[in-house]
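Asks: These are the residues of each chain, in order.
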Amino acid sequence: AQRVTQPEKLLSVFKGAPVELKCNYSYSGSPELFWYVQYSRQRLQLLLRHISRESIKGFTADLNKGETSFHLKKPFAQEEDSAMYYCALSHDRDDKIIFGKGTRLHILP
Amino acid sequence: NAGVTQTPKFQVLKTGQSMTLQCAQDMNHNSMYWYRQDPGMGLRLIYYSASEGTTDKGEVPNGYNVSRLNKREFSLRLESAAPSQTSVYFCASMSTRGANVLTFGAGSRLTVL
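Respectively, the protein sequence lines represent chains D and Y.
Quick note: the first sequence uses my numbering, first residue 24, plus one each step.
Quick note: the second sequence uses my numbering, first residue 8, plus one each step.
What the hints contain is simulated information worked out from the structure, not anything from laboratory work.
Warning: the hint list may mix true and false statements.
Simulated crosslink set (SDA-like; lysine to any residue; CA at most 25 Å straight-line) [as the list claims (entries may be wrong)]: (1) D:Lys124 to Y:Asp33; (2) D:Lys124 to Y:Glu59; (3) Y:Lys16 to D:Gln68; (4) D:Lys119 to Y:Thr27; (5) D:Lys124 to Y:Gly70; (6) D:Lys119 to Y:Thr22; (7) D:Lys124 to Y:Asp45; (8) D:Lys88 to D:Lys38; (9) D:Lys45 to D:Gln101; (10) D:Lys80 to Y:Lys16; (11) D:Lys88 to Y:Val108; (12) D:Lys80 to Y:Val108.
If you want the footprint, here are the derived chain Y segments under chain D, 3+ residues with CB under 8 Å [what the hints assert, rightly or not]: (13) 20-33; (14) 38-45; (15) 67-78; (16) 87-97.
Everything numeric in this text was worked out from a predicted model, so none of it was measured.
Beta carbons: idealized from backbone N, C-alpha and C, even for Gly.
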């Protein structure tokens with residue numbers, strides 16, 4: 024069965040420290056992986072997608088097909104990074120998109 | 008620049024009542040989605056529609072029905088609301104030409120007493 028797993032419900036990190044939000048997936052085909060973010064009082068929005076291989080707001084994520092992981096990383100956390108982060112998987116055979124349970128990132132001053 | 012518009016923003020229902028959540032997008036997107044967001048459960052896909060006239064079940068379709076009225080509109084109906092359907096509901100749309108990126112609505116908070 025297709026599944027996206029985010030093992031941490033809450034991650035607290037001091038400002039300036041590195042951040043890593045974990046995401047593992049289970050899918051038999053060739054999925055596309057995304058990270059979406061929900062800041063307080065804002066709509067869910069795309070942070071980055073694996074095929075674009077970009078760095079957005081200092082965040083990067085590499086798709087590791089061997090480990091079926093798509094972890095989100097940032098070398099130096101900033102207070103404005105505090106938000107809810109969701110990992111998502113898009114099927115290659117249809118338009119179905121599923122999400123993980125999300126990780127709340129709390130940046131401590 | 009409306010994007011994805013959901014109505015209503017808030018609704019309180021009694022158990023057994025019915026209601027429809029409306030969603031409309033003005034970006035000419037082909038695909039539309041309904042998710043529910045619950046604490047500790049993340050976003051779960053209820054139904055989606057890859058194109059006008061088609062709908063498919065997601066992860067948690069029981070207790071819901073959908074209608075893709077036209078390319079712009081995708082409604083979600085609760086025929087007999089239950090307390091377990093208390094949630095925040097999000098509609099999203101996506102263009103299938105190019106970047107497969109979801110654009111979300113602001114959400115509808117539904118409470119079933």
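Asks: State for each hint whether it applies.
Replies: Outcome of the hint check:
no.	hint	in the structure
1	D:Lys124 to Y:Asp33	violated (29 Å)
2	D:Lys124 to Y:Glu59	violated (29 Å)
3	Y:Lys16 to D:Gln68	holds (18 Å)
4	D:Lys119 to Y:Thr27	holds (22 Å)
5	D:Lys124 to Y:Gly70	holds (21 Å)
6	D:Lys119 to Y:Thr22	violated (30 Å)
7	D:Lys124 to Y:Asp45	holds (9 Å)
8	D:Lys88 to D:Lys38	violated (31 Å)
9	D:Lys45 to D:Gln101	holds (18 Å)
10	D:Lys80 to Y:Lys16	violated (30 Å)
11	D:Lys88 to Y:Val108	holds (21 Å)
12	D:Lys80 to Y:Val108	holds (18 Å)
13	20-33	violated (count 0)
14	38-45	holds (count 3)
15	67-78	violated (count 0)
16	87-97	violated (count 1)
Checked against the numbered hints given earlier, this structure breaks hints 1, 2, 6, 8, 10, 13, 15 and 16; the rest are met.
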